[in-house]
Each structure stands twice: as structure tokens, then as C-alpha cells.
Amino acid sequence: MNQPLAFIHPNAKIADNVTIEPFSTIYDNVEIGEGTWIGPNVTIMDGARIGKNCKIYPGTVISAEPQDLKYVGEKTLTIIGDNTTIRECVTVNKGTNALGYTKIGDNCLIMATAHIAHDCVIGNHVILVNGVGLAGHIEIGDYAFVGGMSAVHQFTKIGEHSFIAGGSHVRKDIPPFVKAARNPTSYAGVNSTGLQRRGFTTEKITEIQNIYRVLFQKSKNVSQAIEAIDQDFESTPERDIILNFIKGSDRGLMSGYSTRTEN
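Read in UniProt numbering, the sequence shown has 41 at position 41, and its numbers run on one by one without any break.
Careful, some of the hints might be misleading.
What the hints assert, rightly or not - In silico DSSO-like links for lysine-lysine, alpha-carbon gap of 30 Å or less:
1. Lys220 with Lys204
2. Lys247 with Lys172
3. Lys247 with Lys204
4. Lys179 with Lys218
5. Lys52 with Lys13
6. Lys13 with Lys75
7. Lys220 with Lys179
8. Lys55 with Lys75
Source of the hints: derived by calculation from the structure; they are not laboratory data.
From a predicted model like this one, the values you see are computed outputs, not experimental measurements.
With these hints in hand, go ahead and build the complete structure from the sequences.
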């Protein structure tokens with residue numbers, strides 16, 4: 001049901017059972033899937049591709065031009081998967097020629113006032129809490145949790161099933177399955193509670209903990225840790241995910257465990 005006080009561009013492709021509330025604006029070159037609810041005062045701009053059964057709350061702006069001086073009006077996209085909820089006053093910018101799109105996966109929860117910049121790629125079941133700010137070109141794996149008011153530096157990678165404490169300044173890559181906290185942001189253990197909730201066994205969590213002891217709690221540099229993990233642990237999906245993430249880190253990893261007093 002489309003309210004008469006909403007503006008919908010005639011070229012927009014809107015599924016029959018989408019609800020668009022009053023005072024929302026849907027631009028040209030927009031596609032919205034079945035069952036999605038667009039709340040009042042939402043702006044969805046050119047290049048948006050929104051999946052099925054999403055909820056987008058008032059004040060949100062989807063697919064605005066990137067806040068990047070290199071952007072010169074190229075045709076790019078913002079892609080949002082199915083069953084994703086985007087709360088009040090979130091901003092999601094479209095991509096640039098560097099990647100061509102900004103993407104949010106399925107079953108995500110993006111809480112109020114979060115900002116997702118150009119060329120970010122966010123996996124499935126990701127939670128961004130209120131006020132999270134993502135700079136450009138950030139990658140976030142499935143089931144990651146980013147606490148409120150956290151700021152993430154451009155080109156950073158955040159691994160799947162990781163947990164980042166609220167108010168964190170994330171300047172380095174956060175590997176999969178871990179907790180990141182403290183100031184500066186550093187290793188705070190394995191995200192065992194989150195892993196248990198998602199069906200990981202005690203044995204599997206222990207394996208992950210032992211791998212990260214080698215990386216973060218032994219007197220080894222990253223190259224030495226990679227060699228030790230490769231030699232001392234049998235190949236499993238989790239071990240290989242961790243190793244591939246470490247080897248693919250361009251910005252470097254966050255600091256290891258520390259008992260330093262925070263300033």
C-alpha cells in the first residue's frame with residue numbers, strides 16, 4: 001500500500017505488496033522487493049536495490065552519493081539483502097568506481113544513526129549498534145557485532161563472528177571469532193558466548209582459543225605465529241578461516257592481549 005503523500009518515481013520497480021508510508025521519497029532506478037516496509041520520511045535514492053521483507057525506519061537515507069571527493073557521478077549501487085532492518089536516521093552511501101556498490105547482507109540489524117560509507121561490504125546477520133560509523137571500503141563478516149558509537153577506519157576488515165565493544169576506535173583488522181575491546185582496541189579473548197549461541201561446540205571453541213593464544217599471547221610476530229599455527233593445528237574450517245584472514249590482512253591486526261591500564 002502506497003500512501004498518496006509519498007513520492008515514487010514512475011520508473012522505480014516496487015513489488016506489489018510493499019508498503020511506503022507518507023512523506024517518503026523513492027527516486028529513479030530503485031528496486032524494492034516483496035513485503036518490505038518503508039516508513040515515513042525515508043529517502044531512497046538512485047541505485048538502491050532493496051530485498052524482500054526489509055524494514056526501513058523514519059529519517060533513513062539510502063543510496064545517497066558518496067562523501068568522497070573522487071566520486072564524479074558514476075552510476076553505482078546500494079544493495080540491501082532480505083529480512084534486514086534499518087532503524088531511524090541511518091545513512092547508507094552508494095559505491096564508487098572502486099567497487100561499484102555498497103552492500104548489506106541478509107538478516108542484518110542496523111540500529112539508529114549508524115553510517116555506512118561507500119564501497120562497504122557487510123555480511124549476513126551483522127549487527128551495528130546505534131551511532132556506529134563505518135568509513136569507506138570496510139569489510140565485515142557474517143554474524144559480526146559492532147558496539148554502539150564505534151568508529152571504524154577505512155579499508156579495515158572485521159572477521160566473522162567477532163564482537164567489538166561499544167565506543168571502540170577500530171584502526172586495524174579484527175580477526176574472526178574474537179572480542180575486541182580496551183583503548184587502544186586490542187584482543188580481549190574469543191567470542192565464546194556468541195559462538196555458543198550459534199551452535200559451536202566446546203571443543204571447537206577451545207580449538208579457536210588455542211589458535212589465538214599462539215597469535216596474541218605468545219612472544220611471536222605474525223609470520224612466526226602463522227607458521228606455528230599451520231604446523232601445530234590440523235586443518236579445520238575454523239583454523240583455515242583464521243589463517244586466511246591473517247594472511248589477507250592489509251592494514252595489520254589489532255594488538256594482542258594486554259593488561260595495561262587504560263588512560
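Tested hints:
no.: 1; hint: Lys220 with Lys204; result: holds (23 Å)
no.: 2; hint: Lys247 with Lys172; result: holds (14 Å)
no.: 3; hint: Lys247 with Lys204; result: holds (22 Å)
no.: 4; hint: Lys179 with Lys218; result: holds (18 Å)
no.: 5; hint: Lys52 with Lys13; result: holds (13 Å)
no.: 6; hint: Lys13 with Lys75; result: holds (17 Å)
no.: 7; hint: Lys220 with Lys179; result: holds (20 Å)
no.: 8; hint: Lys55 with Lys75; result: holds (25 Å)
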